[in-house]
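Engineer: So the protein sequences, as listed, match chains A and B.
Residue 156 in this note's numbering sits at position 156 of the first sequence; the count goes up by one each step and never skips.
Residue 406 in this note's numbering sits at position 406 of the second sequence; the count goes up by one each step and never skips.
Think of the hints as simulated: they come from the structure by calculation, not from any bench.
The reader is advised that the hints may include incorrect statements.
Straight line, CA to CA, 30 Å or less: simulated DSBU-like cross-link-like pairs of lysine-lysine [said to hold, decoys possible]:
#	chain 1	residue 1	chain 2	residue 2
1	A	127	B	52
2	B	444	A	127
3	B	469	A	444
4	B	126	A	2
5	A	127	B	127
6	A	51	B	487
7	B	51	A	48
8	A	410	B	487
9	B	487	A	126
10	A	469	B	127
11	B	410	A	127
12	A	48	B	459
13	A	127	B	126
14	B	469	A	126
15	A	487	B	444
16	A	12	B	511
17	B	126	A	511
18	A	48	B	127
19	B	51	A	52
20	A	444	B	487
21	A	126	B	48
22	A	191	A	444
23	B	273	A	2
24	A	461	B	127
25	B	127	A	459
26	A	410	B	12
27	B	410	A	2
28	A	469	B	51
29	B	459	A	410
30	B	459	A	126
31	A	444	A	533
2 protein chains.
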Amino acid sequence: MKQSQMFIPTMKETPADAESASHRLLLRGGFIRQVAAGVYSYLPLGYKIIKKIEVIIREEMDRIGSQELLLPAMQPAELWHETGRWDVYGPELMRLKDRHGRFFALGATGEEVITSLVRDYLNSYKKLPMSLYQIQTKYRDEKRPRFGLLRGREFIMKDAYTFHDSAESLDQSYWEMYHAYCRIFERCGLKFRAVLADSGAIGGKDTHEFQALAEIGEDIIAYSDSSDYAANLEMAAVLDTDITDKGESLPLEKTAGKAIASGAVSISAYWFKTREETVVVFVKSSDEINDVKVKNVLGTDLIESINPESGNPLHPEKGVRVLADNGLKHIAQASFYSEPEAATYNFIDPKRDLPVERYEDLRFIKEGDPSPDGKGRIKFAHGIEIGQVFKLGTKYSEAMNATYLDAEGKARPLIMGCYGIGVSRTLSAICEQYHDEDGMIWPKSLAPFTIHLITVNPKNKDQYDLSEKLYMQFTDQGYDVLWDDRKERPGVKFADSELIGCPVQVIVGKKAADQIVELASRKEKERIEISIKELPLSIVQLLDQAD
Amino acid sequence: MKQSQMFIPTMKETPADAESASHRLLLRGGFIRQVAAGVYSYLPLGYKIIKKIEVIIREEMDRIGSQELLLPAMQPAELWHETGRWDVYGPELMRLKDRHGRFFALGATGEEVITSLVRDYLNSYKKLPMSLYQIQTKYRDEKRPRFGLLRGREFIMKDAYTFHDSAESLDQSYWEMYHAYCRIFERCGLKFRAVLADSGAIGGKDTHEFQALAEIGEDIIAYSDSSDYAANLEMAAVLDTDITDKGESLPLEKTAGKAIASGAVSISAYWFKTREETVVVFVKSSDEINDVKVKNVLGTDLIESINPESGNPLHPEKGVRVLADNGLKHIAQASFYSEPEAATYNFIDPKRDLPVERYEDLRFIKEGDPSPDGKGRIKFAHGIEIGQVFKLGTKYSEAMNATYLDAEGKARPLIMGCYGIGVSRTLSAICEQYHDEDGMIWPKSLAPFTIHLITVNPKNKDQYDLSEKLYMQFTDQGYDVLWDDRKERPGVKFADSELIGCPVQVIVGKKAADQIVELASRKEKERIEISIKELPLSIVQLLDQAD
Chain A
1 MKQSQMFIPT MKETPADAES ASHRLLLRGG FIRQVAAGVY SYLPLGYKII
51 KKIEVIIREE MDRIGSQELL LPAMQPAELW HETGRWDVYG PELMRLKDRH
101 GRFFALGATG EEVITSLVRD YLNSYKKLPM SLYQIQTKYR DEKRPRFGLL
151 RGREFIMKDA YTFHDSAESL DQSYWEMYHA YCRIFERCGL KFRAVLADSG
201 AIGGKDTHEF QALAEIGEDI IAYSDSSDYA ANLEMAAVLD TDITDKGESL
251 PLEKTAGKAI ASGAVSISAY WFKTREETVV VFVKSSDEIN DVKVKNVLGT
301 DLIESINPES GNPLHPEKGV RVLADNGLKH IAQASFYSEP EAATYNFIDP
351 KRDLPVERYE DLRFIKEGDP SPDGKGRIKF AHGIEIGQVF KLGTKYSEAM
401 NATYLDAEGK ARPLIMGCYG IGVSRTLSAI CEQYHDEDGM IWPKSLAPFT
451 IHLITVNPKN KDQYDLSEKL YMQFTDQGYD VLWDDRKERP GVKFADSELI
501 GCPVQVIVGK KAADQIVELA SRKEKERIEI SIKELPLSIV QLLDQAD
Chain B
1 MKQSQMFIPT MKETPADAES ASHRLLLRGG FIRQVAAGVY SYLPLGYKII
51 KKIEVIIREE MDRIGSQELL LPAMQPAELW HETGRWDVYG PELMRLKDRH
101 GRFFALGATG EEVITSLVRD YLNSYKKLPM SLYQIQTKYR DEKRPRFGLL
151 RGREFIMKDA YTFHDSAESL DQSYWEMYHA YCRIFERCGL KFRAVLADSG
201 AIGGKDTHEF QALAEIGEDI IAYSDSSDYA ANLEMAAVLD TDITDKGESL
251 PLEKTAGKAI ASGAVSISAY WFKTREETVV VFVKSSDEIN DVKVKNVLGT
301 DLIESINPES GNPLHPEKGV RVLADNGLKH IAQASFYSEP EAATYNFIDP
351 KRDLPVERYE DLRFIKEGDP SPDGKGRIKF AHGIEIGQVF KLGTKYSEAM
401 NATYLDAEGK ARPLIMGCYG IGVSRTLSAI CEQYHDEDGM IWPKSLAPFT
451 IHLITVNPKN KDQYDLSEKL YMQFTDQGYD VLWDDRKERP GVKFADSELI
501 GCPVQVIVGK KAADQIVELA SRKEKERIEI SIKELPLSIV QLLDQAD
């Protein structure tokens, strides 16, 4: 395509409010434009990449037998009332009223609509399993939209839903989807980890998040330096390592003020309230308590941190449950400062002195901790969540009365899985991983064009004619070519080419009359002079080496 | 694809509220499902067809150098205030408020957003012309959504916008788009007419509507029985045919009551108010006055019918303009009943007795009238509007201050064209043209599957094995195949196959062991027994004959 006819509004200056490389470079390269906070237009170059991501997603979804459909964004409030989420979802759910005063949600997710769609039809075990997906614009009224496409209010998502008559069937679809997601992100060229995540549900249903590694990522991933193990920081299990020599047990001492005995291990107490009870949790002060683990151990869906004005956790009131992190099992000399008493207890032997009901894994993992799979040590990385697979179970089918008849003719709720990929977010994640200070360096599977053909001076007939000849030749060879035929200064053209980031650059300049051009990979930048006879082979070689 | 694994919820019964064939059959065939009034889910079969239509649109848009992008559906109210349409658009424009209280429109059309997007970049005549399009979900809160996808509230539309520095450049893009639209609808197999339409604008800018011919259509098209001429009923020009013998002029007579003289031609007067003046228009009583023509002749954007309590149009008050339809030029003996006077004027010779300022074409064309292009006679047909091309001019660029610098460095407003195709509506129009009482008969360019392979009894090993062999064979030959491998009664399978409407049906039944199957075209229905050796050639022949 001739660049003179394309809409690629590049920007010389860095936009002031762009907070991440992807946001900055997608704007500067003319890939996207902001319309409102968290609301963007995808310009021709950016939308070309989105469509390439969508093709990859469709191919991998088709491969596992998932069927594409398209649900509406306008979702009647009645459906959200059935699951109770109309009230629970909060201000993130965009809502509107039609001319007759009826309320609608703008789809933030599709569980209600898809469940209402299948409940009349998937009425027999014979019709199960069933896998459906869509690629659709979704809406979430984020409080603080940021990082361009990373946290937007209108965004493109692939969401899939599967329906089953057994846990085994769900498990099979779950892992098929998991592997399809791995293939999708690999084909997009992403460095990512599939990590164990918290389902937020009582009992802990399976869920994995797909995290693209990037400094800008808001999530922290704990991964092994020697194996495939990876988990969300909050989910990474801490091994209950047995330390045989935990030192000598000494008599308990109580001292006024803060006075931790030398050699003693400082411990802290955290108080929580659940719907039913009060809980205090002891953790080494050098460790960080993990609320998600506390919640899961208690088997509750809600815990609240409290700051009791009175109460000594060494002698708690009746009914207060006491838990401790596994780490305390291996200490004989602990030290605890009791704030209400303004006194320090020294030489606490937890087994002897603390009324602990259970020792559990209740802290966050730390860098250097042994990996939970026993292989290597834990490291941390920042991640951008680009996908998630989730065993929903019967939460929605029960609420919405979506049942099937089993082989015995008994009505049972459909067992469901749900699966998502943030398509526009994936684009951002790719940008975070594929750029340098001058612009994008697209992986070849997604580049908007493979070859950027740059005519230094299109008014020069030799340059123009040779460029035209190469343009036809590359096109015939099946390459997608962007031809910069614009009457702009060479500096502007080269800067734009760096911003746009096609893998291969072919520059037609002063030696055009001699059939000599310059060839460069966007990544390496080094330009070599080359006769056009050698060009085809050299381009193949450059592309072989490219990501 | 195996039908047992697909989500195709066909319906035996005709849905009570389905008002048109397309609505009824899209529901019954499991192509779409209603979620709310005018809001639909596209199920896998229906969405496959939508995607095929979209591929055709993209190919034809690419061919004329239009670039695809994607604008957001959430459009800030500020943009609509710039053009004044926030107030003008009325309740059809869906509106919502975000968590910070800011108002947004849900895009009913994209002029505001696209103009705001290009106004910063298309700042020089050197960057023009430019052509941009998108395929996007649009929202209009129709008062009475009906006919399924024909008049929906959430629907899929292709909208394109072109930008120019001259009327000639706009004209060129307009006709390129016009011909691209013709190719798109031809490739979809539609019987359609491109008709002259009313632009609704002062001065009458060019616009054509693309009307698919269908009984259910809400628009009436006037077309020639002998040429390509076609226009919206309201736009079809009436030839000012010269009738030489218009009879003898007699003295004017006034009679009390209704007393039309024998041989006289009854004429009627219609009163209108514009923003500035009062107008009375004479038309033969046997003709129908055409308000659009009156408006265009007056060069105003608003006229209102009034019913004056007093006033005799033969002697109107000062300042009242009097127009007459061309038809009155050719009468010498007209008759007019004056309601305020309760009297009849007979033997009016319009040229002598009526204070007519101008004779113009002010009536609706009728069936049997000569075609305005001089070729043949006019016939009427009902049409569904599936597309429109429109010369916008500078309406939006002036309102939104979108200017470019011309060769002399002078700022001028961008000249714009806009172009639309109703994608989901096109699907409905195709249904209206391609069905019989039993279901859909898809044109082969859009059929969700080309071959429907039906195994009468999949529990029979001969039948199942032969079906599987044919399934692999057809797939290898590049056909898209739907294999009905379900354990259902044959009657259910055949009825579903008619509803789904694939062009070719291959039925594997009792003679499977002898390698004999039945072959039928969905359209002709006649089944012939055929050996599987002859099948490949026969299928090619059947498809050659299909639409």
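Engineer: Are the hints correct? Go through all of them and say.
Structural biologist: Going down the list of hints, with the structure as the test:
Proposed proximity of residue 127 of chain A and residue 52 of chain B is supported: the alpha carbons are some 27 Å apart, at most 30 Å. Straight-line distance between C-alpha atoms of residue 444 of chain B and residue 127 of chain A comes to about 29 Å, which keeps the hinted pair within the 30 Å bound. For the hint pairing residue 469 of chain B with residue 444 of chain A, the CA-to-CA distance comes to about 39 Å; that exceeds 30 Å, so the pair is violated. Our distance criterion of 30 Å between C-alpha atoms is met by residue 126 of chain B and residue 2 of chain A, whose separation comes to about 14 Å.
For a cut-off of 30 Å, the pair hint linking residue 127 of chain A to residue 127 of chain B is broken: about 56 Å separates their Cα positions. For the hint pairing residue 51 of chain A with residue 487 of chain B, the CA-to-CA distance comes to about 38 Å; that exceeds 30 Å, so the pair is violated. Restraint check for residue 51 of chain B and residue 48 of chain A: the C-alpha separation of about 17 Å stays at or below 30 Å, so the hint holds. Simply put, residue 410 of chain A and residue 487 of chain B have alpha-carbon atoms about 20 Å apart, close enough for the 30 Å limit, and the pair holds.
A C-alpha spacing of about 9 Å is found between residue 487 of chain B and residue 126 of chain A, which places the hinted pair at or below 30 Å, so the restraint holds. The hinted pair formed by residue 469 of chain A and residue 127 of chain B meets the criterion: a straight-line CA distance of about 24 Å does not exceed 30 Å. About 68 Å separates the Cα atoms of residue 410 of chain B and residue 127 of chain A, which puts this hinted pair outside 30 Å; it is violated. The suggested pairing of residue 48 of chain A with residue 459 of chain B is violated, with an alpha-carbon distance near 47 Å, which exceeds 30 Å.
Annotation: proposed proximity of residue 127 of chain A to residue 126 of chain B is violated, straight-line Cα distance about 60 Å (limit 30 Å). Of the pairs offered as hints, the one joining residue 469 of chain B and residue 126 of chain A holds, with about 24 Å between alpha carbons and a cut-off of 30 Å not exceeded. For the hint pairing residue 487 of chain A with residue 444 of chain B, the CA-to-CA distance comes to about 46 Å; that exceeds 30 Å, so the pair is violated. With a C-alpha separation of about 73 Å, the suggested pairing of residue 12 of chain A with residue 511 of chain B is violated against the 30 Å cut-off.
With a CA separation close to 28 Å, the supplied pair residue 126 of chain B and residue 511 of chain A stays within the 30 Å bound. A distance of roughly 21 Å separates the Cα atoms of residue 48 of chain A and residue 127 of chain B; the hinted pair therefore holds under the 30 Å criterion. For the given pair, residue 51 of chain B sits about 15 Å from residue 52 of chain A by alpha-carbon distance, which is consistent with the 30 Å threshold. Taking the CA atoms of residue 444 of chain A and residue 487 of chain B, the gap is near 46 Å; set against the 30 Å cutoff, the hint is violated.
At most 30 Å may separate the alpha-carbon atoms for a hinted pair to count; residue 126 of chain A and residue 48 of chain B meet this at roughly 24 Å. At most 30 Å may separate the alpha-carbon atoms for a hinted pair to count; residue 191 of chain A and residue 444 of chain A meet this at roughly 15 Å. Annotation: proposed proximity of residue 273 of chain B to residue 2 of chain A is violated, straight-line Cα distance about 53 Å (limit 30 Å). About 22 Å separates the Cα atoms of residue 461 of chain A and residue 127 of chain B, which keeps this hinted pair within 30 Å; it holds.
A threshold of 30 Å between alpha carbons decides the hint, and for residue 127 of chain B with residue 459 of chain A the separation of about 17 Å falls inside it, so the pair holds. Taken as a hint, the residue 410 of chain A and residue 12 of chain B pair is honoured in the structure, with Cα atoms around 25 Å apart against an allowance of 30 Å. Distance hint between residue 410 of chain B and residue 2 of chain A is fulfilled; the C-alpha atoms sit about 27 Å from each other, no more than 30 Å. Pair hint residue 469 of chain A plus residue 51 of chain B does not hold up; C-alpha atoms about 35 Å apart against a cutoff of 30 Å.
The hinted pair formed by residue 459 of chain B and residue 410 of chain A meets the criterion: a straight-line CA distance of about 25 Å does not exceed 30 Å. A distance of roughly 15 Å separates the Cα atoms of residue 459 of chain B and residue 126 of chain A; the hinted pair therefore holds under the 30 Å criterion. At roughly 23 Å between alpha-carbon atoms, residue 444 of chain A and residue 533 of chain A fall within 30 Å of each other, so this suggested pair holds.
The structure fails to meet hints 3, 5, 6, 11, 12, 13, 15, 16, 20, 23, 28 from the earlier list, while all remaining hints are met.
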